[in-house]
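Modelling step: build the complete structure from the supplied sequences, incorporating the hints.
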Amino acid sequence: MTTAMTTAAGTAAPAKPATMAQALRRALRDAMADDPAVHVLGEDVGTLGGVFRITDGLAAEFGDDRCTDTPLAEAGILGAAVGMAMYGLRPVVEMQFDAFAYPAFEQLFSHVARMRNRTRGAMPLPITVRVPYGGGIGGVEHHSDSSEAYYMATPGLQVVTPATVDDAYGLLRAAIASDDPVVFLEPKRLYWSKADWSPDAPAAVAPLGRAAVRRRGSSATLITYGPSVPVCLEAAEAATAEGWDLEVVDLRSLVPFDDETVCASVRRTGRAVVVHEATGFGGPGGEIAARVTERCFHHLEAPVLRVTGFDIPYPPPMLERHHLPGVDRVLDAVARLQWEAAN
Amino acid sequence: MRKSSSTTVQELPGSAAYRPTPPPAWRPRTDPAPLLPDPEPFRVLGTAAAAAADPELLLTLYTQLVRGRRYNTQATALTKQGRLAVYPSSTGQEACEVAAALVLREQDWLFPSYRDTLAAVARGLDPVQALTLLRGDWHTGYDPYEHRIAPLCTPLATQLPHAVGLAHAARLKGDDVVALALVGDGGTSEGDFHEALNFAAVWRAPVVFLVQNNGFAISVPLAKQTAAPSLAHKAVGYGMPGRLVDGNDAPAVHQVLSEAVERARSGGGPTLVEAVTYRMDAHTNADDATRYRGDADVETWREHDPILLLERELTARGLLDDGHRRTVADGAEEMAALLRERMNADPVLDPMDLFAEVYAERTGQLGEQADLLRAELAAEAPEATGDPGAGAGGPRGDEGDAR
Numbered sequence: 000m001t002t003a004m005t006t007a008a009g010t011a012a013p014a015k016p017a018t019m020a021q022a023l024r025r026a027l028r029d030a031m032a033d034d035p036a037v038h039v040l041g042e043d044v045g046t047l048g049g050v051f052r053i054t055d056g057l058a059a060e061f062g063d064d065r066c067t068d069t070p071l072a073e074a075g076i077l078g079a080a081v082g083m084a085m086y087g088l089r090p091v092v093e094m095q096f097d098a099f100a101y102p103a104f105e106q107l108f109s110h111v112a113r114m115r116n117r118t119r120g121a122m123p124l125p126i127t128v129r130v131p132y133g134g135g136i137g138g139v140e141h142h143s144d145s146s147e148a149y150y151m152a153t154p155g156l157q158v159v160t161p162a163t164v165d166d167a168y169g170l171l172r173a174a175i176a177s178d179d180p181v182v183f184l185e186p187k188r189l190y191w192s193k194a195d196w197s198p199d200a201p202a203a204v205a206p207l208g209r210a211a212v213r214r215r216g217s218s219a220t221l222i223t224y225g226p227s228v229p230v231c232l233e234a235a236e237a238a239t240a241e242g243w244d245l246e247v248v249d250l251r252s253l254v255p256f257d258d259e260t261v262c263a264s265v266r267r268t269g270r271a272v273v274v275h276e277a278t279g280f281g282g283p284g285g286e287i288a289a290r291v292t293e294r295c296f297h298h299l300e301a302p303v304l305r306v307t308g309f310d311i312p313y314p315p316p317m318l319e320r321h322h323l324p325g326v327d328r329v330l331d332a333v334a335r336l337q338w339e340a341a342n
Numbered sequence: 000m001r002k003s004s005s006t007t008v009q010e011l012p013g014s015a016a017y018r019p020t021p022p023p024a025w026r027p028r029t030d031p032a033p034l035l036p037d038p039e040p041f042r043v044l045g046t047a048a049a050a051a052a053d054p055e056l057l058l059t060l061y062t063q064l065v066r067g068r069r070y071n072t073q074a075t076a077l078t079k080q081g082r083l084a085v086y087p088s089s090t091g092q093e094a095c096e097v098a099a100a101l102v103l104r105e106q107d108w109l110f111p112s113y114r115d116t117l118a119a120v121a122r123g124l125d126p127v128q129a130l131t132l133l134r135g136d137w138h139t140g141y142d143p144y145e146h147r148i149a150p151l152c153t154p155l156a157t158q159l160p161h162a163v164g165l166a167h168a169a170r171l172k173g174d175d176v177v178a179l180a181l182v183g184d185g186g187t188s189e190g191d192f193h194e195a196l197n198f199a200a201v202w203r204a205p206v207v208f209l210v211q212n213n214g215f216a217i218s219v220p221l222a223k224q225t226a227a228p229s230l231a232h233k234a235v236g237y238g239m240p241g242r243l244v245d246g247n248d249a250p251a252v253h254q255v256l257s258e259a260v261e262r263a264r265s266g267g268g269p270t271l272v273e274a275v276t277y278r279m280d281a282h283t284n285a286d287d288a289t290r291y292r293g294d295a296d297v298e299t300w301r302e303h304d305p306i307l308l309l310e311r312e313l314t315a316r317g318l319l320d321d322g323h324r325r326t327v328a329d330g331a332e333e334m335a336a337l338l339r340e341r342m343n344a345d346p347v348l349d350p351m352d353l354f355a356e357v358y359a360e361r362t363g364q365l366g367e368q369a370d371l372l373r374a375e376l377a378a379e380a381p382e383a384t385g386d387p388g389a390g391a392g393g394p395r396g397d398e399g400d401a402r
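Protein chains in written order, with numbering that gives the first Met the number 0: chain A, 0 to 342; chain B, 0 to 402.
Bear in mind the hints are in silico, worked out from the structure with no lab data behind them. Glycine included, C-beta positions come from ideal geometry on N, C-alpha and C. Please note: incorrect hints may appear among the correct ones.
Cβ pair distances, simulated, as ranges [unchecked claim]:
{"no.": "1", "chain 1": "A", "residue 1": "His297", "chain 2": "B", "residue 2": "Lys172", "range": "54 to 62 Å"}
{"no.": "2", "chain 1": "A", "residue 1": "Asp63", "chain 2": "B", "residue 2": "Ala48", "range": "50 to 58 Å"}
{"no.": "3", "chain 1": "A", "residue 1": "Pro315", "chain 2": "B", "residue 2": "Val219", "range": "49 to 57 Å"}
{"no.": "4", "chain 1": "B", "residue 1": "Glu105", "chain 2": "A", "residue 2": "Gly285", "range": "50 to 58 Å"}
{"no.": "5", "chain 1": "B", "residue 1": "Asp142", "chain 2": "A", "residue 2": "His321", "range": "48 to 56 Å"}
{"no.": "6", "chain 1": "A", "residue 1": "Pro70", "chain 2": "B", "residue 2": "Val297", "range": "54 to 62 Å"}
{"no.": "7", "chain 1": "B", "residue 1": "Tyr144", "chain 2": "A", "residue 2": "Asp64", "range": "22 to 30 Å"}
{"no.": "8", "chain 1": "A", "residue 1": "Val50", "chain 2": "B", "residue 2": "Ala51", "range": "55 to 63 Å"}
{"no.": "9", "chain 1": "B", "residue 1": "Tyr144", "chain 2": "A", "residue 2": "Asp33", "range": "53 to 61 Å"}
{"no.": "10", "chain 1": "A", "residue 1": "Asp34", "chain 2": "B", "residue 2": "Gly190", "range": "57 to 65 Å"}
{"no.": "11", "chain 1": "B", "residue 1": "Glu298", "chain 2": "A", "residue 2": "Asp64", "range": "52 to 60 Å"}
Following this line, the structure appears as structure tokens:
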């Protein structure tokens, strides 16, 4: 997985292995250093440095007023961030765990997402909501949800998730710089994935809304994001043994959605599988499959398939491996694209 | 002989006797006594303090109350004419609305709920802009920065954490800014009320919370809303002072809010003020108040009308004669006539505005939908309005080849 995650980083300074967690921390640090309006707030983000240590050292460097331990109350954290953004700050909120964000949903849906629209642009809210999400780390209940469909279904929010160390830095910088709210989904199980990445020459700030082709291929397109990107890359490598040459598209941004990159790939390969951890029914894959079908129907050799988590509440850790889409399930779907029949 | 369990020293086999150590000393973090509200709401009118009240302030309050009442009756009439989709009247609560506007300085911020149109107007907002939400042409009809009035908030209590965050941010920047947030009695049951008050107290944010306890959350009376001694008593649990005031006594509300605002401004932290008042009209024009309250209650409160109370005081002190009363009433009538006239004009709306401010930069997806609507409008009327923000979906647009 580590090798597959390596991308071409800017290498002016000697690159050395860095984790996604380190890149995220560096992105926060650089954003705070560049712009005094950037404030980090959340439960445990100060002295402890966050339960995943993403905010480690920020309070020491920038002070409690810039990196603030708040009372334990997600609606209060995000609601206060709304007021701070109204007054010209750029708050970066940490939700600690995916399912802990639910108490803040009213603030997110009723205010954060629509303040620009409701005020005809007079009051945009440049808030970044960091949500560690997804499973695979053996977390107990409420620590492994993939809630991206809720966010995607809310107009006014941008929804972003990195899969590489480079993107962790570049997309988080872009999210903080954005004048609109961004739900920044951090795949927990990739926090410790490594890549050759130099904090002295981090990758450029990535534009939001652009997908990346992680692997070129001609047989079929795997459309995926976040924690499922390494799974798909591994599946693509394994598939070569069967003579399949799979393309892997990492969406990076769920909203806005990069129809252009996705559809260009599917038109070239003629087949597509959407892969994600979130539940399938009403999940992101349904929207993606529909978009692809609407735009690429005459290029498709097979229906767009989905490989997703089951439509169940997130399972207990000892069973989660059965729920999470793995390499085999991806390969089975690729086989169901009627590969032999079409060739 | 049996000993009581609390004094039993248990001999554990093979170990020395267990002797409980005394717990560390406990003491309250904050002395609760100064935070507690007085048992009776604070009043000025009808007390000795009224004689000392500043005549100019009383007359200003009176003028604003009369205008406010007229504004409420006019807006209610506009719902009957179909000019407003809905109007949550603040008739009976005008003293709270007016005082909230008058105690703030220009740089301060007001965070109104959906019932507080009048507070926004009393702060200087154009009445037509204030009614845009309720007419239905846009959600916020004004620039919040022009008068420092946050958008009228429809979800309950969710504007309170905004007020805290804004006040906190202003203090971090070193600015002299106080935020005053309005909420109803029903709103105090919401989680955001709790979280906002807790954040405000912990951060010592320069914010004042004014609860207008008007007796009902739509139909649910206060007794079914809370078991607290008063809503002001809730303050002590957060470590901030709670103040109870007669919400129909305009100079009293003005004084209590002024003190709370001054306390916030000078770094003393937040205050929770409960104004005890009564909603004379139904919740909105869509509500039938006779289903949940009797006429007797309403009549009792009619005797305690905020305008009536102040008028008596002004008249008794010789500060108000018939001529002055008529001047004030004529001014209010003029305001109402102008409002009526302006609200009778149909607003001109551009449907393409639907896509104008969803994101700073229009997404490809919205670009495609804007194209669809533009085509529909063009089919309706060839000279249909343009769309300055359009770009045919922009560079991200993808026409596809399936069409």
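How the hints compare with the structure:
1. A:His297 - B:Lys172: 54 to 62 Å: 57 Å, holds
2. A:Asp63 - B:Ala48: 50 to 58 Å: With a Cβ separation near 43 Å, A:Asp63 and B:Ala48 fall outside 50 to 58 Å, so the hint is violated.
3. A:Pro315 - B:Val219: 49 to 57 Å: 40 Å, violated
4. B:Glu105 - A:Gly285: 50 to 58 Å: Holds, since B:Glu105 and A:Gly285 (Cβ atoms, about 51 Å apart) stay within the stated range.
5. B:Asp142 - A:His321: 48 to 56 Å: Since the Cβ atoms of B:Asp142 and A:His321 sit about 54 Å apart, the hinted range of 48 to 56 Å holds.
6. A:Pro70 - B:Val297: 54 to 62 Å: With a Cβ separation near 41 Å, A:Pro70 and B:Val297 fall outside 54 to 62 Å, so the hint is violated.
7. B:Tyr144 - A:Asp64: 22 to 30 Å: Since B:Tyr144 and A:Asp64 have Cβ atoms about 24 Å apart, the given range 22 to 30 Å holds.
8. A:Val50 - B:Ala51: 55 to 63 Å: 57 Å, holds
9. B:Tyr144 - A:Asp33: 53 to 61 Å: Once the Cβ atoms are compared, 25 Å apart, the range 53 to 61 Å for A:Asp33 and B:Tyr144 is violated.
10. A:Asp34 - B:Gly190: 57 to 65 Å: Given about 32 Å between the Cβ atoms, the range is violated.
11. B:Glu298 - A:Asp64: 52 to 60 Å: With a Cβ separation near 54 Å, B:Glu298 and A:Asp64 satisfy 52 to 60 Å, so the hint holds.
Taken one by one, the earlier hints fail for this structure at numbers 2, 3, 6, 9 and 10, listed in ascending order.
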